[in-house]
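*Asks:* Here is how the chains run, residue by residue.
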Amino acid sequence: MMESLAISLVNAVPVLSGVPLWTITLLIMVMVAAVVLTFALTYSGLATYVERKVAGDIQARVGPNRVGPVGILQFLADGIKLLLKEDIIPAKADRFLFVLAPYLVFVGSFAAFVVVPFGVGLIASDLNIGIYYVMAITSLVVVGVMLAGWSSNNKWALLGGMRAAAQIVSYEIPVGMALLPAVLIAGSLSLQDIVRSQGGLFGIFGWNLFHNPFTFLSFFLYYVAALAETNRTPFDIPEAESELVSGYHVEYSGIRFAFFFLAEYGDMFVVSALATACFLGGWHVPFLDAEALPALWGNLFSLGVFLGKTLSLVVLMMWIRWTLPRLRVDQLMRVAWKYLVPLTFFNLLGVSLWLLLFHGKGIPQMIASLFG
Amino acid sequence: MKARAEALPTQEMLINMGPQHPSTHGVLRVILRTDGEVVVNARPDVGYLHRALEKIGERVTYAQYMPFTDRLDYLAAMNCNAAWAWTVEKLAGIEVPERAEYIRVIVCELNRIASHLIAFGSFTADMGAFTPFLYAIRERERINDLFEDICGNRLTYNYVRIGGVSADLPDRFLEKTKEFLDYFAPKVPEYNNLISYNKIFVHRLANVAAVTPEDAVGYGLTGPNLRGSGVPFDLRKNEPYSVYPEFDFDVCVGTGERGTLGDCFDRYMVRINEMKESVRIVRQAIEQIPEGPVMAKVPRMFKPPVGEVYFRAENPRGETGIYLISDGTVNPYRLKIRAPSFVTMGIFEKITKGLMIADVVAVIGSFDIILPEIDR
Amino acid sequence: MEPKEIFEKVTEKFGGKAVELQGEGFRPAFVVVSPESVREIALFLRDDPAMKFDSLMCLSGVDYKDRFAVTYHLHSLSVGHQIGVKAYLPREAPSLPSVDMVWPAANFQEREAFDLYGIVFEGSWDLRRILLPEDWEGHPLRKDYKYPEFYNGIKV
Numbered sequence: 001m002m003e004s005l006a007i008s009l010v011n012a013v014p015v016l017s018g019v020p021l022w023t024i025t026l027l028i029m030v031m032v033a034a035v036v037l038t039f040a041l042t043y044s045g046l047a048t049y050v051e052r053k054v055a056g057d058i059q060a061r062v063g064p065n066r067v068g069p070v071g072i073l074q075f076l077a078d079g080i081k082l083l084l085k086e087d088i089i090p091a092k093a094d095r096f097l098f099v100l101a102p103y104l105v106f107v108g109s110f111a112a113f114v115v116v117p118f119g120v121g122l123i124a125s126d127l128n129i130g131i132y133y134v135m136a137i138t139s140l141v142v143v144g145v146m147l148a149g150w151s152s153n154n155k156w157a158l159l160g161g162m163r164a165a166a167q168i169v170s171y172e173i174p175v176g177m178a179l180l181p182a183v184l185i186a187g188s189l190s191l192q193d194i195v196r197s198q199g200g201l202f203g204i205f206g207w208n209l210f211h212n213p214f215t216f217l218s219f220f221l222y223y224v225a226a227l228a229e230t231n232r233t234p235f236d237i238p239e240a241e242s243e244l245v246s247g248y249h250v251e252y253s254g255i256r257f258a259f260f261f262l263a264e265y266g267d268m269f270v271v272s273a274l275a276t277a278c279f280l281g282g283w284h285v286p287f288l289d290a291e292a293l294p295a296l297w298g299n300l301f302s303l304g305v306f307l308g309k310t311l312s313l314v315v316l317m318m319w320i321r322w323t324l325p326r327l328r329v330d331q332l333m334r335v336a337w338k339y340l341v342p343l344t345f346f347n348l349l350g351v352s353l354w355l356l357l358f359h360g361k362g363i364p365q366m367i368a369s370l371f372g
Numbered sequence: 001m002k003a004r005a006e007a008l009p010t011q012e013m014l015i016n017m018g019p020q021h022p023s024t025h026g027v028l029r030v031i032l033r034t035d036g037e038v039v040v041n042a043r044p045d046v047g048y049l050h051r052a053l054e055k056i057g058e059r060v061t062y063a064q065y066m067p068f069t070d071r072l073d074y075l076a077a078m079n080c081n082a083a084w085a086w087t088v089e090k091l092a093g094i095e096v097p098e099r100a101e102y103i104r105v106i107v108c109e110l111n112r113i114a115s116h117l118i119a120f121g122s123f124t125a126d127m128g129a130f131t132p133f134l135y136a137i138r139e140r141e142r143i144n145d146l147f148e149d150i151c152g153n154r155l156t157y158n159y160v161r162i163g164g165v166s167a168d169l170p171d172r173f174l175e176k177t178k179e180f181l182d183y184f185a186p187k188v189p190e191y192n193n194l195i196s197y198n199k200i201f202v203h204r205l206a207n208v209a210a211v212t213p214e215d216a217v218g219y220g221l222t223g224p225n226l227r228g229s230g231v232p233f234d235l236r237k238n239e240p241y242s243v244y245p246e247f248d249f250d251v252c253v254g255t256g257e258r259g260t261l262g263d264c265f266d267r268y269m270v271r272i273n274e275m276k277e278s279v280r281i282v283r284q285a286i287e288q289i290p291e292g293p294v295m296a297k298v299p300r301m302f303k304p305p306v307g308e309v310y311f312r313a314e315n316p317r318g319e320t321g322i323y324l325i326s327d328g329t330v331n332p333y334r335l336k337i338r339a340p341s342f343v344t345m346g347i348f349e350k351i352t353k354g355l356m357i358a359d360v361v362a363v364i365g366s367f368d369i370i371l372p373e374i375d376r
Numbered sequence: 001m002e003p004k005e006i007f008e009k010v011t012e013k014f015g016g017k018a019v020e021l022q023g024e025g026f027r028p029a030f031v032v033v034s035p036e037s038v039r040e041i042a043l044f045l046r047d048d049p050a051m052k053f054d055s056l057m058c059l060s061g062v063d064y065k066d067r068f069a070v071t072y073h074l075h076s077l078s079v080g081h082q083i084g085v086k087a088y089l090p091r092e093a094p095s096l097p098s099v100d101m102v103w104p105a106a107n108f109q110e111r112e113a114f115d116l117y118g119i120v121f122e123g124s125w126d127l128r129r130i131l132l133p134e135d136w137e138g139h140p141l142r143k144d145y146k147y148p149e150f151y152n153g154i155k156v
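Chains as they are written, first to last, in the numbering used here: chain C, 1 to 372; chain W, 1 to 376; chain V, 1 to 156.
Source of the hints: derived by calculation from the structure; they are not laboratory data. Among the hints, erroneous ones may be present.
Calculated lysine-lysine pairs in the DSS-like style (CA-CA distance at most 27 Å, straight line) [as the list claims (entries may be wrong)]:
#1 V/K52 x W/K350
#2 W/K55 x C/K155
#3 W/K303 x W/K55
#4 V/K146 x W/K90
#5 W/K90 x V/K13
Derived list of chain W stretches under chain C, where covered just means 3 residues or more per stretch with a C-beta under 8 Å from a C-beta of chain C [as the list claims (entries may be wrong)]:
#6 86-100
#7 259-273
#8 358-369
Every residue gets a Cβ at the ideal spot worked out from N, C-alpha and C, and that includes glycine.
Sequences and hints are given; from them, build the entire structure.
*Replies:* Okay, structure coming up:
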């Protein structure tokens, strides 16, 4: 894809024909990566601000309101503060792993942004194994978290790291299983293909969410499992500030801590984006065919719709966080293995049978065909 | 399975929970020996906040000791003040004007509400739901405002005096208190909707660390912790002091409604329900309060007769007992404070065996301990 | 039951081990017992159907200058009466049997008395210092306690 972009660029600007094609491809790649990363970081910063505002609203207080109008620049102030803070590495920590861990977490979380289908043509790289890639690369987070817990040489951190490892590994299964129905319907692992398979029917009833009862359930199973995978309340056991002080990142300070922090918000976005892409029709604009519009407007509209849906899911996560108490670690495991895993398997079976019996047609399609 | 266990030997882990830990409610240190997440043994280590309050008591006069009682249980300073005053009055046989007793009951019950609010809020925060804490603080703030009207302080009040109270109620205090009660009464059901019957919350607390009634009595649990085990014993009812016999209220006991009798949830619910009862008591006290003086005649050089007295009062955290020995001089000869939280910690090691680490937090929260009182 | 009756019952059962009844000026009244018989009398007070003192309200050490004392304030939830039990101890090597197997609540308070008065409770399941550091010297609530100037080289 990058290469084709590079070729079209060379065709459009003849001056560049002297430059080797791979340099241009590389440059475009770097630029795309920079754009995605900038977006991801800006989003994470703003999300921390929104989270605090949401929390304030729920808790009958105001939230940040000093830096900039209505406190909107608070995240910048916090970022600068974290950058300038002393970087403390405990004397008895394993220095190499201690330093490495935040990068792994950060990379694992933000590399997933590459395949997020922001709009009709807005995707950094439309991999044909998109979903698989996301599942694989976000698993890097668990390695980072475990290393952080282990290398800190702190028992609370170790407990947090172990909890995180157990939890994320357990919840990978229901997450993957809950996403598979969308893959089955689209017949592709590419996220763009999955989004495209949900077009038509006013752009709402084409959503996989309404495809059949099993996909409807699937969405909620996915959302619950994803909450757990991102270590959000009520599944925030690895950080559980009232039990484990703050879990695996208890010894981190300054910018290293910020990496964990940003990664958490990155994770929230990625899982919400996946939910949007797989169940809520992705970037499909209701009552409009975004792909038929002129490229600029189509992309803008679809980007807006996609971000709207995704960020709503992110805010929903915040809402849940400030409402619910925390599960205990054995209850968490019970939820995963006794409820979510069997349910997602059952669900997958249901979707498969549905597709077989009704030749891949969803309920809205059937109703639509009744009326010609 | 057995072969695996031999091939992979496991070790017990020794973890220090505290003295600085967010959910030990102060500087409590718990030495945890755990097998993974399961607690093998949790031994409380107290004393980090020892200020020798009993020794200080032997050096100061009876009246001078009043501010020190503020520092016992700082979340219920009024109750501690009043307990000290009642003890000395019992020792010396001082008749306190009735209005003063009514004022004491009003402030004690308001302080009980405030203290239970903190217990409720910090307990839910321990369980991972931070939001109810701020709701609780919001209501407590209004009680603090009322107390500020009375005595100018918001935490350590030093309001009660031996023989009465330091000053009569300010203008409009009773109206303001009534307004507060009208505002607060509907809040308790709101808390129940917000968190009490939340499924996760119930699951975290039900059947955790159940204390049998026999154990509760034997280990000297008192107050809401004792009543949480289903023992209907409340000093205000069973051993009435002050003007408590004048009021109609119920003793809240645990019923094991969501799990076993005496589990963390029962102890929690007793506190929630007691707030309602305190509202009832304050309402009645406002109706019945007589006019008159608020201070008995107590000589400046106050010397109680020789004797020994043990007085106990129902404080938010249980029974605060004061054992006071007087040798007829201006200073107490010996002063022992039987702090409810201190005695409660005795059962901690027993009931935390086999729980998870997260449950230890629940146990500490459900006992509603406070460290200045434990360490004195 | 009135303190007098309780005292009579105890003397009836244990003879000279119950020394006297301190009634005047003492609320609640104290049954003074000899220290070595504290545990058996405690068991009797707990288990006798007429007594049923199931709750130990307060256990404290007292320094009467010429001698020490340990006082037990008992309360019965089922019957609703109260009594104090007091055992006088010599200043030199004060010790008496522990009652933590009678009322488990005693353990923490015995530890406190041990910590602050140096009274040894024999047969206690766990008798360590509780409020002060393990290596603290002396027992501060004794009337003849001298305040130390240094603790482990730190100026107090």
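*Asks:* Taking 8 Å as the Cβ threshold, is the statement that the segment 86-100 of chain W is covered by chain C upheld or broken by the three-residue rule?
*Replies:* Answer violated; 0 residues pass the 8 Å Cβ test.
*Asks:* Holds or violated: are the alpha carbons of V/K52 and W/K350 at most 27 Å from each other?
*Replies:* With a Cα-Cα distance of about 24 Å, the restraint between V/K52 and W/K350 holds, given a limit of 27 Å.
*Asks:* Holds or violated: the segment 259-273 of chain W covered by chain C, criterion of 3 or more residues with Cβ-Cβ distance under 8 Å?
*Replies:* Violated - the segment 259-273 of chain W has 0 residues with a Cβ nearer than 8 Å to chain C, which falls short of three.
*Asks:* Just to be careful, I want the Cα atoms of V/K146 and W/K90 compared with a cutoff of 27 Å; is the pair within it?
*Replies:* 33 Å, violated
*Asks:* Against the 27 Å threshold, does the CA-CA distance of W/K303 and W/K55 hold or violate the hint?
*Replies:* 19 Å, holds
*Asks:* Between W/K90 and V/K13, does the CA-CA distance stay at or below 27 Å?
*Replies:* 33 Å, violated
*Asks:* For the segment 358-369 of chain W, count the residues whose Cβ lies under 8 Å from any Cβ of chain C; is that count three or more?
*Replies:* Satisfied; 3 residues make the cut.
*Asks:* Given the proposed pairing of W/K55 with C/K155, does the C-alpha separation stay at or below 27 Å?
*Replies:* 38 Å, violated
Figure legend: structure checked against the earlier numbered hints; hints not met, in rising order: 2, 4, 5, 6 and 7.
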